[in-house]
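Novice: Okay, here's what each chain looks like letter by letter:
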Amino acid sequence: MPTDPHDLALLNAQIKNIPYCAWLGISVDALTDTYLQCRMPFVEKLVGNKRLPAVHGGAIASFLETSSIFAANYFGNTPVDRLAVPISVTLSYVRSAGPEDLIARAEIVKKGRRVMQMRSTAHQSDPAKPVAILNASFLIPALSQ
Amino acid sequence: MSTHREIIFPLSIEQPLPEALFMDWAPFGGALGLHLFGFNGDQVCVGLPWEPHLIGNPAQDSVHGGVITAMIDQAFGASVFKKIRRREAIATIELRIDYMRPAQPHKDIFCRAECYRVTRQVAFTRGDIFQDDPDRPLAHSVGTFMRNSSEFPDTPEGASGMPELWGNLDAD
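Chains as they are written, first to last, in the working numbering: chain A, 1 to 145; chain B, 1001 to 1172.
Chain A stretches covered by chain B per the calculated footprint, using a threshold of three residues with CB under 8 Å from any CB of chain B: (1) 15-21; (2) 42-48; (3) 53-63; (4) 85-99.
Derived EDC-like pairs (lysine to aspartate or glutamate); straight-line CA-CA distance at most 20 Å: (5) A/K129 to B/E1094; (6) A/K110 to B/D1098; (7) A/K50 to B/E1088; (8) B/K1107 to B/D1061; (9) A/K16 to B/D1061; (10) A/K45 to B/E1051; (11) A/K129 to A/D101; (12) A/K16 to B/E1051; (13) A/K110 to A/D33; (14) B/K1083 to B/E1094.
Pairwise CB distance ranges (calculated): (15) A/G25 to B/Q1121: 29 to 37 Å; (16) B/D1135 to A/K110: 33 to 41 Å; (17) B/D1133 to A/K110: 33 to 41 Å.
Hints are computed from structural coordinates only; laboratory data are not their basis.
Ideal Cβ positions, reconstructed from N, Cα and C, are used throughout, including at glycine.
With these hints in hand, go ahead and build the complete structure from the sequences.
Specialist: Here's what the structure looks like:
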């Protein structure tokens, strides 16, 4: 599944239709065989600690959850108009996120019949230095009604 | 949101709300529309008016799960300050959230949070998210925070201005 500009354009059109994701400025950057990569540009309103400064943990969580929802839909081949529904989410904050863009790589851990388990890792300039990691379980949309 | 205040906290124990104490360092909380709603002992309640830009699922107009998580993170932080009776630099270590039901559109959202254990290094928190009824939460969460995660300067906005404010809060 190499990066297909058509898929990227579709995903970005879809993400812009979600008010909260558009408000956060999240876009889908790249698709590989194993992960979907999102970007959230740094803006002042994302700050949680003005002195460091550091991006708010809640903004990072929102970003990571968004990336894993889109990866769940994309890799799970589920209907585009039915978003994966989060059941349980665990966030580990590894280091503070400075005033720079955030990048998240989201992948499937396990796709079951009804539940999909996802992992998404956020970093800034260096992919080897994650700032936060999300592990989450989602109801697969077609059955989540 | 005044109708909800009585549900969450009996008016007799309503406390002054020094909002700035909790929110002024976090522009993201302000951008979302979060505000400190009240205290009851160690419990802290944070409120969020429903706004269209918070929608995460346009099919149902329900708010994004990330909004809930951001609210929890902020409320947990506030509950730590309430517990230790001062503000210091804290950093989220881990958050765990279960989403039990989707948020209903056009209704305010509340988070009731409590720091139930604090050690020299770590603070342990738990809380619920709800709309109309605190007994029917939308989400439940636990979190851990590192204390004194960075320098906290002794300025008028910092720790030194705190004692009078806490004096008011602890009238009970």
